[in-house]
Amino acid sequence: MMQTLAVAEVAQDGSRKDAELGVVADKTVALKVLIVEDNSFDQELILRELRRAGFDVNAALAQTPEAFAIQIRGTCPDIVLADYNLGPWRGMETVEILRREKLDVPVILVSGALGEVEAVECIKQGATDYVLKDSLARLPIAIRRALHEKQIEHERQRAQQDLARKAVELARSNQDLEQFAYVASHDLQEPLRMVAAYTQLLAEQYRAQLDEKAQRYIHYAVDGALRMQTLIQDLLTFSRCGRADMDAEVSDCNLILQRALDRLCAAIEESHAQVTHDVLPTLPVNRSQLEHVFQNLISNAIKFRGKEPPAVHISAHPEADEWKFFVRDNGIGIAPENTGMIFAVFKRLHTRSEYPGNGIGLSICKKIIEQHGGRIWVESQSEGKPSVGATFGFTLPTTRQRNGASS
Amino acid sequence: MNMNEVDILLVDDSHEDLELALHALRREKLANKVFAVRDGEEALDFIFCRGPFSERTFDHPPKLILLDWKLPKVDGSEVLAQVKGDPRTRTIPIVILTSSKEERDRIKGYSLGANSYIQKPVDFEQFRETVKTLGMYWLVVNQPVPNSHAVSA
Amino acid sequence: MNQDSAVEVLLVDDNPADLELTSEFLSRSRCTSRIHTASNGEEALAFLQRAGEFVHRALPSLIVLDLNLPRKPGHAVLAAIKQDPSMRQVPVVIFSTSQAPADIQRSYELGANSYVRKPGNLGDFTFAVTSIGEFWVCCANFPNGDTKKTAPTATLTTKENA
Numbered sequence: 001m002m003q004t005l006a007v008a009e010v011a012q013d014g015s016r017k018d019a020e021l022g023v024v025a026d027k028t029v030a031l032k033v034l035i036v037e038d039n040s041f042d043q044e045l046i047l048r049e050l051r052r053a054g055f056d057v058n059a060a061l062a063q064t065p066e067a068f069a070i071q072i073r074g075t076c077p078d079i080v081l082a083d084y085n086l087g088p089w090r091g092m093e094t095v096e097i098l099r100r101e102k103l104d105v106p107v108i109l110v111s112g113a114l115g116e117v118e119a120v121e122c123i124k125q126g127a128t129d130y131v132l133k134d135s136l137a138r139l140p141i142a143i144r145r146a147l148h149e150k151q152i153e154h155e156r157q158r159a160q161q162d163l164a165r166k167a168v169e170l171a172r173s174n175q176d177l178e179q180f181a182y183v184a185s186h187d188l189q190e191p192l193r194m195v196a197a198y199t200q201l202l203a204e205q206y207r208a209q210l211d212e213k214a215q216r217y218i219h220y221a222v223d224g225a226l227r228m229q230t231l232i233q234d235l236l237t238f239s240r241c242g243r244a245d246m247d248a249e250v251s252d253c254n255l256i257l258q259r260a261l262d263r264l265c266a267a268i269e270e271s272h273a274q275v276t277h278d279v280l281p282t283l284p285v286n287r288s289q290l291e292h293v294f295q296n297l298i299s300n301a302i303k304f305r306g307k308e309p310p311a312v313h314i315s316a317h318p319e320a321d322e323w324k325f326f327v328r329d330n331g332i333g334i335a336p337e338n339t340g341m342i343f344a345v346f347k348r349l350h351t352r353s354e355y356p357g358n359g360i361g362l363s364i365c366k367k368i369i370e371q372h373g374g375r376i377w378v379e380s381q382s383e384g385k386p387s388v389g390a391t392f393g394f395t396l397p398t399t400r401q402r403n404g405a406s407s
Numbered sequence: 408m409n410m411n412e413v414d415i416l417l418v419d420d421s422h423e424d425l426e427l428a429l430h431a432l433r434r435e436k437l438a439n440k441v442f443a444v445r446d447g448e449e450a451l452d453f454i455f456c457r458g459p460f461s462e463r464t465f466d467h468p469p470k471l472i473l474l475d476w477k478l479p480k481v482d483g484s485e486v487l488a489q490v491k492g493d494p495r496t497r498t499i500p501i502v503i504l505t506s507s508k509e510e511r512d513r514i515k516g517y518s519l520g521a522n523s524y525i526q527k528p529v530d531f532e533q534f535r536e537t538v539k540t541l542g543m544y545w546l547v548v549n550q551p552v553p554n555s556h557a558v559s560a
Numbered sequence: 561m562n563q564d565s566a567v568e569v570l571l572v573d574d575n576p577a578d579l580e581l582t583s584e585f586l587s588r589s590r591c592t593s594r595i596h597t598a599s600n601g602e603e604a605l606a607f608l609q610r611a612g613e614f615v616h617r618a619l620p621s622l623i624v625l626d627l628n629l630p631r632k633p634g635h636a637v638l639a640a641i642k643q644d645p646s647m648r649q650v651p652v653v654i655f656s657t658s659q660a661p662a663d664i665q666r667s668y669e670l671g672a673n674s675y676v677r678k679p680g681n682l683g684d685f686t687f688a689v690t691s692i693g694e695f696w697v698c699c700a701n702f703p704n705g706d707t708k709k710t711a712p713t714a715t716l717t718t719k720e721n722a
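Residue numbers (our numbering), protein chains in the order written: chain A, 1 to 407; chain B, 408 to 560; chain C, 561 to 722.
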């Protein structure tokens, strides 16, 4: 009866104190404790305090470092309570031993006289907490707090490991997807070549025997096949530009721009386009991919022209640790509400009959630029004023990047 | 010019023909780095990375060798035989570009392993067209042996 | 049209659609060619050896060879051609979808004169075949019997299936 009352009292006290921590201990908690104490009276005091606080104590005792090491390897206590001063050795050595054994057990120092400075030093060296022997009532609280913190730490580590594992899975999944897109689009080309080639040959060879309707049917078939070919080609380019074999070498961007312009010379001539550019820098880039970006942006500038012949200007200036490039045109521009989605795959703003294309070009550019560690965006001035054109901007870092991460 | 970055090695003792070939290649922007030698010995020194060309290495072969048949010091057929006979150089494409119209030269050339054989057209325009065509074919269309140094233009 | 100056070409490919397409675009070259086809290695070698039904055939000036052939793979056919003294001087152009470095390396080691990738895309394919025609049919000279061209207008060709 007495005992129950005593427990209830203490429980009330315990609860009150624990409430400070926001933890309510309303039932007995099993606790495996390893006490490192050479004074048997002090041992008893500690045990009594723990029982009063409602712990179901399973206690083991160690008085020497060797005994401690043996005990520690044998049983795994929830907590170690160690006297600071053990005659020939220090309680802090238990922290060392635990560290050596790579065991994650909190150590609370129980000490007769420990100055503030030494106490803080002990905590710095790895002790979880300290309690003075003349305030043993604090011990249960300290233990609860230590165990709580350990639990939180474990959860945090597990969450971090989960995250790391998910990141690896995601990366592998992305790689699989890219590989699939690459293989699929690569393998799709050949059968499509047959469809495109033979429908064309059919149209050519049998023109005389085919009536108008038949010729039209064949025309639609050929058109479809050729569009599909472009699509697959673009998908191939898109999937390829994320591949790991993305060599960047220090290159003169002027030469890269020139090659892109060479490839566009037919389109430039046909549209009477004027293409001008500032002197461009030398940067670590993947040459064929940057060429692709220039080609695509300038091709768009020419394609989406207004009534006047297209005028395209490429400029660049340095800013902090990157170079900012701009491709400005005088074409039909982009409505402000569309600037956000323009880089999405297959997103087209106009019908195919108005302007040809399949909408993958800009998403390829975005992928390439981001792979280089840069970013790409569009500014449009067509608000209010029609035909003021669009300006595409992108950045390239001055030092080599790998897959978008800073070097 | 870095001797390890040569795209085309021209071997011809005729100054006019060399000029014509260089001009045609340059005009078509087919090759940035063309190196010309005037006799068979110089050609062998270049290809086998010795003598005045000892800083050259075997892992940076030219993409194409245009070889005249009649050469001073070491004859074209001898150059061909040595290059095609050595595993280090055997896979370099060699196109014989010669004024000879002899069938036996053609047979010998192909038998010794020449990748192709062209009789130089007498006509200036046609010669230029020929160089343009062969440059396009051997530098763009033909796939060279892998691991040869890919020189980016 | 001068039949005697037509370049005799042997095309070896097991895919009839590829064979006919290559044949069609080669025949469109501005220079005359006579195209023979074989769909496997044995047929090709029989043709080249003038064996059996092929006894009256002339040795072709050019062989265009796919690697992916049934029964006797392309590399084996190439080796057989380049080891036979009666045909080893005929230039062989490997025309294959494979871009594997091992395939390319092996081809050159076995004596291939040229290696051209067969692209999937129609535009690239026609470019490749046209280029083969431009160089080999129009430009190059061959060891057996000179057949020289340069007349840019003759386009009529005879296509025969071997």
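In short, the hints are calculated from the structure, not lab data. These numbers were taken from a predicted model, which means no experiment stands behind them. Be a bit skeptical, because a hint or two may be false.
[What the hints assert, rightly or not] Partial chain A-side listing against chain C, Cβ under 7 Å, derived:
1) R156
2) E190
3) M194
4) T199
5) A203
6) A208
[Stated by the list, open to error] The calculated lysine to any residue pairs, modelled on SDA-like cross-linking and capped at a C-alpha distance of 20 Å, are:
7) B/K477 x B/F534
8) B/K491 x C/A640
9) B/K539 x C/V676
10) B/K539 x C/R590
11) B/K440 x A/E37
12) C/K642 x B/K440
13) B/K539 x C/T690
Using N, Cα and C, we set each Cβ at its ideal position, and we do this for glycine too.
Problem set entry | Given hint A/A208 near chain C, where the shortest CB pair must fall under 7 Å | violated, 18 Å
For this session: Classify the hint on A/T199 as holds or violated, based on whether any CB of chain C lies nearer than 7 Å to its CB.
Result: This hint is violated: A/T199 lies away from chain C, its Cβ roughly 10 Å from the closest one there, beyond 7 Å.
For this session: Decide if the proposed pair is consistent with the structure: B/K477 and B/F534, CA atoms, cutoff 20 Å inclusive.
Result: Holds, because 18 Å separates the two Cα atoms, which is no more than 20 Å.
Exercise. Are B/K440 and A/E37 close enough, with their CA atoms no more than 20 Å apart?
Worked result: Outside the cut-off at roughly 85 Å; violated.
Exercise. Quick one, is the A/R156 hint okay against chain C at 7 Å, beta carbons?
Worked result: Result: violated, 49 Å to nearest chain C Cβ.
Problem set entry | Pair hint B/K539 and C/V676, alpha-carbon separation not exceeding 20 Å | holds, 18 Å
Exercise. Holds or violated: B/K491 with C/A640, Cα cutoff 20 Å?
Worked result: Holds, because 19 Å separates the two Cα atoms, which is no more than 20 Å.
For this session: Would you check whether A/M194 satisfies its interface hint, that is, whether its CB is within less than 7 Å of any CB in chain C?
Result: For A/M194, the interface hint holds, since the closest Cβ of chain C sits about 5 Å away, which is under 7 Å.
Exercise. Does the interface hint hold: is A/E190 within less than 7 Å of chain C, judged Cβ to Cβ?
Worked result: Holds: closest Cβ of chain C sits about 4 Å from A/E190, inside 7 Å.
For this session: Measure nothing beyond the straight line between the CA atoms of B/K539 and C/T690; if it is 20 Å or shorter, mark the hint as holding.
Result: holds, 14 Å
For this session: Verify the proposed pairing of C/K642 with B/K440, using a straight-line Cα cut of 20 Å.
Result: With a Cα-Cα distance of about 33 Å, the restraint between C/K642 and B/K440 is violated, given a limit of 20 Å.
Exercise. B/K539 and C/R590: Cα distance at most 20 Å?
Worked result: holds, 16 Å
Checked against the numbered hints listed earlier, the structure breaks hints 1, 4, 5, 6, 11, 12; every other hint is satisfied.
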